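Turn these sequences into a full structure, and let the hints guide you.
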Amino acid sequence: MNLVVVESPAKAKTINKYLGPDYTVLASYGHVRDLPSKDGSVLPDEDFAMSWEVDAKASKRLSEIAEIAKKSDRIILATDPDREGEAISWHVLEILTKKKAVKDATVQRVTFNAITKSAVLEAMAAPRDIDMELVEAYLARRALDYLVGFTLSPVLWRKLPGARSAGRVQSVALRIVVDREMEIEKFKAQEYWSVEADLAADSPPFVARLVKHAGKRVQRLDIVSEAMASAARDAINAGTFTINSVEKKPVKRSPSPPFMTSTLQQEASRKLGFTAQRTMQAAQKLYEGVDDQGGLITYMRTDGLYVSPEGIAQAREVIGQRFGPAYVPEQPKFYKTKAKNAQEAHEAIRPTNVARAPETLRLESDLQRLYELIWKRTIASQMESARLDRTTVEIEEPTGQTALRATGQVVTFDGFMAVYEEGRDEKQKTGEDDEDDTTRLPALKEGAKAKVEAIRTEQHFTEPPPRFSEATLVKKLEELGIGRPSTYASILTTLRDREYVRVDKNRFYPEDKGRLVTAFLEQFFRKWVEYDFTAALETRLDEVSAGDLNWKVLLRDFWTDFHAATSAAGELRTTAILDALNESLGPHIFPQKEDGSDPRECPLCHQGQLSLKTSRFGAFIGCSRYPECKYTRPVASPDAKDGGADGGDRELGPDPVTGQPVHLKIGRFGPYVETTPPGEEKPKRSSLPKGWSPASLELEQALRLLALPREVGAHPEDGKMITAGLGRYGPFVQHAGTYANISDIEEVFEVGLNRAVALLAEKRAGRAGRGSAAAPLKELGNHPEDEAPVQVMAGRFGPYVKWGKVNATLPKGTAPEDMTLEAALPLLAERAAKAPASKKKAPAKKAAAPKKTAAKKPAAKKAPAKKKVAKAEE
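So for the sequence shown, full-length UniProt numbering puts the first residue at 1; every next one is plus one.
Please keep in mind that the hints were generated in silico from the structure rather than gathered at the bench.
Here the structure is a predicted model, which means the values were calculated and not measured.
Every residue, glycine too, gets a C-beta built ideally from N, C-alpha and C.
Some hints could be false.
Unchecked claim - Only pairs whose alpha carbons sit at most 20 angstroms apart, straight line, appear in this in silico PhoX-like list of lysine-lysine:
1. Lys-60 x Lys-593
2. Lys-100 x Lys-70
3. Lys-186 x Lys-834
4. Lys-100 x Lys-71
5. Lys-60 x Lys-117
6. Lys-38 x Lys-71
7. Lys-71 x Lys-99
As the list claims (entries may be wrong) - Distance windows between CB atoms, simulated:
8. Glu-530 x Asp-497: 18 to 28 angstroms
9. Val-411 x Ala-227: 37 to 47 angstroms
10. Asp-548 x Ser-624: 49 to 59 angstroms
11. Asp-497 x Asp-548: 28 to 38 angstroms
12. Met-1 x Asp-557: 42 to 52 angstroms
13. Ser-230 x Cys-629: 26 to 36 angstroms
Written out as structure tokens, the structure is:
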């Protein structure tokens, strides 16, 4: 008998069909054990001894695997073909050995890059041993991450309240986002003008731009004022122009290589709007197989660009059939990755059967779109290059003092462009002399007279570098050699989950919390957040996996300096840390004022100095004269760019009804408005809703907020009043204890009775559905323990996964449609483990005592004991 162990049940199901009755294929459901989240899991003083703990949800499955293993002659570990997969196989074997389940069985390791019958059978015929060098690289990486997290995070919690934790790679990724934001804040826009003319030379009009004025070459930033632009316009108006040269240059544009993990995440972000996590979840399903179609793509965690000869042959055949022989290059195209330390033996991400075109499949939306993207990229990578004619036309007036240039291009053969063109990242508009040559020009002749038909001058300003999107941040991490293909999605998710960054319109913005953590690390742990240091550490980890470096030597080298730095930081006084952060964050926290006044002067008392302070709720800005002056504001005013940089309180004007002043105030939890009604001691307050700018807030808006909650009207069913207000979770309407959210803040001020009744009815209908048989948002499949359904449900406080009586909230930022059974099982296991003792039938154990004593006592006394048991079981 042969036992095959893989990670996922979907993979197990597919492979089981290929191997026949002599094989039993079981799933480990990913990692089966990990370092416990507590001190002492890695012991540097004991040569980095590591204590592993079997995951609660994995224990039962491992027992099942062990039982089958005891009856097996051959145990085949067939986890994924990367470092993580090698580690899972090692963990499984370690556990089976401890359970004495291996005995005389032959243990073998196999890997396959695609879940197809041919790939699986070929792998089974060529087994090997577990690659301990890959395992040791995993152990070193896991120990490093643990030691950084459990050594540095407590220092952060004590010295920087409000900070969550610090990770070895995530901290560097956060620094990249923060550094970019600082570039943007320091950027000073430069004015420049463009000068263009519409010309005709016995031809349709075409556009040319100024490249020479007053005998000097003109770059895009050279014309810096309207006066200079006007002088150039006058010179063009006064000139008579001739086409001096028409230069046509044939050029080739080569296709992009097939996908690896990082480029797939980048393109899916650009073209499909997918997050890295969403991309990898969809790719995982395509790899494991959908229905009876087997694996649709090769392994999706790879940094290799190699495509097997069979894959290339398939692609060339499909190209010839669909596009014709002209689109098939004479020789196949081969690609080599530029990424450092890439595992070139791994294939690129491609369809397992390139002949299986996207239109022949019927998949759920995300899978269909991602498969089409992968298929097109693979096909295009083996197609003939595109051919273009790039034309440059030089136009001058006789004196040579003024000259214009027109550029354009014509596609003479589309080649791979018939299928696919790579998306482009947003470019910084710096005013550099980069010509847009995508315009098509009419036929033009040298020596022809060019008549000026129109002239345009336009003002521009250089722009700061763009904030990172998921695509550009992954690209940056890859360029720096930070992280690996399997880690990019989790890095970005962690930054969001810790609320160190926020994502708005697919752009990363650092939160104040993230800025503080980065500033702290740069001040006291600079070496460990340096890009070069982190990249060099990745290189050393690759040396371990190649067998060129002992993993314990790497850990000793790292730990010696890191432990000394954390010990020194732990001894620092909080005031010293705050002084350092005040200095490093000064330009961000206290930007220079236009009037030249002191940006740190307290706007309330005008005597104290503002500085960074901490509380158990996190950092804030406060006055040095506290408690005499109680001025506070958030770390960074969200309106620094809009003139609200001082964050000070201000009076908006008097309430026209009461005559009492209405104030805007900036508290440590954000801006709010306040007024004190006549005869009352307690002021009435209202926080500003999301999206409202304190800098532009006017009295009318403040009065509308202070008037909430407002009465909408009596409910037609019971006559009770419906009110509209603004609460912790946003605007709402309320009636008889039922709250229904309103999507737009403006609607809370004008929502009518009919609309409010409809919103409340919808909310009650939803609640009634949940109380009885609410329809799930998504069916994930059956739980492996009892085959009961696992579903994604809509809840009052957000979506959750449900298995029987166990409910687990979805992690922040996870969309219900992105949830999978594999992702849900750990959440449910963790929630079940935290269930109160009363839900674990603990009372039944108490009832055992009366039963025991009852046997020694008269029968008449057995009845009370039975009653107690019955009561306990109820």
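How the hints compare with the structure:
{"no.": "1", "hint": "Lys-60 x Lys-593", "verdict": "violated (64 angstroms)"}
{"no.": "2", "hint": "Lys-100 x Lys-70", "verdict": "holds (8 angstroms)"}
{"no.": "3", "hint": "Lys-186 x Lys-834", "verdict": "violated (48 angstroms)"}
{"no.": "4", "hint": "Lys-100 x Lys-71", "verdict": "holds (12 angstroms)"}
{"no.": "5", "hint": "Lys-60 x Lys-117", "verdict": "violated (30 angstroms)"}
{"no.": "6", "hint": "Lys-38 x Lys-71", "verdict": "violated (37 angstroms)"}
{"no.": "7", "hint": "Lys-71 x Lys-99", "verdict": "holds (13 angstroms)"}
{"no.": "8", "hint": "Glu-530 x Asp-497: 18 to 28 angstroms", "verdict": "holds (25 angstroms)"}
{"no.": "9", "hint": "Val-411 x Ala-227: 37 to 47 angstroms", "verdict": "holds (41 angstroms)"}
{"no.": "10", "hint": "Asp-548 x Ser-624: 49 to 59 angstroms", "verdict": "holds (56 angstroms)"}
{"no.": "11", "hint": "Asp-497 x Asp-548: 28 to 38 angstroms", "verdict": "holds (36 angstroms)"}
{"no.": "12", "hint": "Met-1 x Asp-557: 42 to 52 angstroms", "verdict": "holds (47 angstroms)"}
{"no.": "13", "hint": "Ser-230 x Cys-629: 26 to 36 angstroms", "verdict": "violated (54 angstroms)"}
In the structure shown, a violation is registered for the earlier hints numbered 1, 3, 5, 6 and 13, in ascending order.
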